[in-house]
Amino acid sequence: MSERKWTHQTAEKISQCLEEGLEIKVSATVVRRLLRKLRYSLKSNKKCLSSGNSPDRDTQFGIIKRHRDEFSRLGEPIISVDTKKKEMIGLFKNSGRTWRQTHKKVKDHDFRSEAKGLAAPYGIYDIQRNFGMLVIGESADTPEFAVNCILMWWEKHGRHHYPEARRLLILADSGGSNGARPRMWKKCLQERLADQYGIIVTVAHYPSGASKWNPIEHRMFNEISKNWSGVPLETFDTLVNFAKKTKTKTGLHIEAYRDQRTYEKGKKVSDKEMAKMALIKSTELGKWNYTIQPREPEIGECPQSSLQVKPEPIEDRHSSNKNRPWNFIHVISRIRDLFSLLPEKSIAI
1 MSERKWTHQT AEKISQCLEE GLEIKVSATV VRRLLRKLRY SLKSNKKCLS
51 SGNSPDRDTQ FGIIKRHRDE FSRLGEPIIS VDTKKKEMIG LFKNSGRTWR
101 QTHKKVKDHD FRSEAKGLAA PYGIYDIQRN FGMLVIGESA DTPEFAVNCI
151 LMWWEKHGRH HYPEARRLLI LADSGGSNGA RPRMWKKCLQ ERLADQYGII
201 VTVAHYPSGA SKWNPIEHRM FNEISKNWSG VPLETFDTLV NFAKKTKTKT
251 GLHIEAYRDQ RTYEKGKKVS DKEMAKMALI KSTELGKWNY TIQPREPEIG
301 ECPQSSLQVK PEPIEDRHSS NKNRPWNFIH VISRIRDLFS LLPEKSIAI
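The C-terminal residue of the sequence shown carries number 349 in my numbering, and the numbering is unbroken.
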């Protein structure tokens with residue numbers, strides 16, 4: 001019997017073949033005991049071989065480590081971002097098992113046409129706070145969607161937990177909606193994060209084939225997958241609820257939201273638009289490392305948040321937090337403050 005054949009046989013079948021082919025009579029129990037004695041056991045395939053073999057792989061990991069050490073020392077925020085595996089919404093089988101008295105009946109085939117929708121879970125993991133946020137997208141996974149998720153994290157958590165932050169480090173894969181190549185990713189970071197909040201955004205991408213080393217993969221996504229394993233994801237809210245309930249002994253806490261907006265694929269960014277960006281590529285592996293500086297708003301321009309956030313009270317807009325969005329009321333208030341310092345004969349507004 002060839003190796004290909006016997007490695008796929010049950011102990012009973014091996015026992016039968018030994019008796020028929022070699023006239024050796026042995027029970028299946030003895031076969032199992034002998035196999036264990038020879039250190040054989042049933043094993044599945046193990047996904048561990050990297051498809052990428054970039055010569056700059058080790059160098060890039062060193063750069064990422066230096067970035068993390070620097071930002072941690074200065075108390076600046078560091079987030080790891082990525083899109084989790086897309087999930088079909090409906091009564092479909094979900095790998096895993098749960099404690100039940102009877103089986104949960106699901107569809108016998110997973111046809112995309114029968115799904116209620118396709119969820120694109122985008123995650124933001126705050127490395128220093130061990131906090132995660134999952135945004136369940138219901139449209140295309142585009143760079144615009146990715147940046148809006150990061151913006152949602154910043155508006156809800158980032159600027160409150162890091163009120164003095166002037167820089168933000170983003171760790172991302174080299175492909176996908178937040179990859180190193182899409183121009184729209186960089187454009188949205190420039191306009192919606194750097195310009196809007198006056199924050200310096202540094203991005204470091206993991207080399208091709210090294211996405212498993214992105215912290216969000218094993219610290220957040222892995223825990224979420226274990227939490228909803230074996231449960232049919234029948235609605236978008238099912239994903240949200242299970243993500244919110246994900247906790248670990250190390251203190252991981254996750255918040256989850258739905259993003260029901262529609263995102264258009266294939267949007268292009270012209271060379272002219274790229275030239276206007278305050279994007280500085282690193283002198284070392286600039287294809288994976290770059291910094292986006294905030295630009296001064298043009299005269300008459302009043303950038304607004306892409307998210308519909310509840311307006312803050314007027315008195316809060318006069319606070320010293322410089323990370324708040326630029327707005328007309330804030331500017332008028334500052335002008336009044338400046339005029340109050342002038343002599344009484346000065347013109348008042």
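Hints listed in this document are in silico derivations from the structure and should not be mistaken for laboratory results.
Do not take every clue at face value.
[Stated by the list, open to error] Here are the computed distance ranges between Cβ atoms for each label pair:
no., residue 1, residue 2, range
1, Leu22, Glu234, 27 to 33 Å
2, Gln293, Gly230, 43 to 49 Å
3, Arg166, Gly117, 36 to 42 Å
4, Asp108, Arg73, 52 to 58 Å
5, Thr262, Lys107, 45 to 51 Å
6, Arg36, Lys267, 56 to 62 Å
7, Glu284, Lys86, 33 to 39 Å
8, Glu234, Ser41, 34 to 40 Å
[As the list claims (entries may be wrong)] Think about it this way: if two alpha-carbon atoms lie no more than 25 Å apart in a straight line, the pair counts; the simulated DSS-like pairs of lysine-lysine are:
no., residue 1, residue 2
9, Lys116, Lys104
10, Lys13, Lys107
11, Lys13, Lys47
12, Lys25, Lys13
13, Lys212, Lys85
14, Lys85, Lys107
15, Lys93, Lys247
16, Lys105, Lys85
17, Lys265, Lys247
We put the beta carbon where it would ideally sit given N, CA and C, even for glycine.
Against the structure, the hints come out as follows:
1. Leu22 with Glu234: 27 to 33 Å: 54 Å Cβ-Cβ, so the 27 to 33 Å window is violated.
2. Gln293 with Gly230: 43 to 49 Å: 47 Å, holds
3. Arg166 with Gly117: 36 to 42 Å: 39 Å, holds
4. Asp108 with Arg73: 52 to 58 Å: 55 Å, holds
5. Thr262 with Lys107: 45 to 51 Å: For Lys107 against Thr262, whose Cβ atoms are near 27 Å apart, the range 45 to 51 Å is violated.
6. Arg36 with Lys267: 56 to 62 Å: 58 Å, holds
7. Glu284 with Lys86: 33 to 39 Å: About 34 Å separates the Cβ atoms of Glu284 and Lys86, which means 33 to 39 Å holds.
8. Glu234 with Ser41: 34 to 40 Å: The hint (34 to 40 Å, Cβ to Cβ) holds, given that Glu234 and Ser41 are roughly 37 Å apart.
9. Lys116 with Lys104: 19 Å, holds
10. Lys13 with Lys107: 33 Å, violated
11. Lys13 with Lys47: Given that 25 Å is the threshold and the Cα spacing comes to 29 Å, the pair is violated.
12. Lys25 with Lys13: Holds, at about 12 Å.
13. Lys212 with Lys85: 13 Å, holds
14. Lys85 with Lys107: With Cα atoms ~20 Å apart, Lys85 and Lys107 stay inside 25 Å; holds.
15. Lys93 with Lys247: Cα-Cα ~24 Å, so holds.
16. Lys105 with Lys85: 23 Å, holds
17. Lys265 with Lys247: Cα-Cα ~34 Å, so violated.
In terms of the numbered hints stated before, the structure departs from hints 1, 5, 10, 11, 17, listed from lowest to highest.
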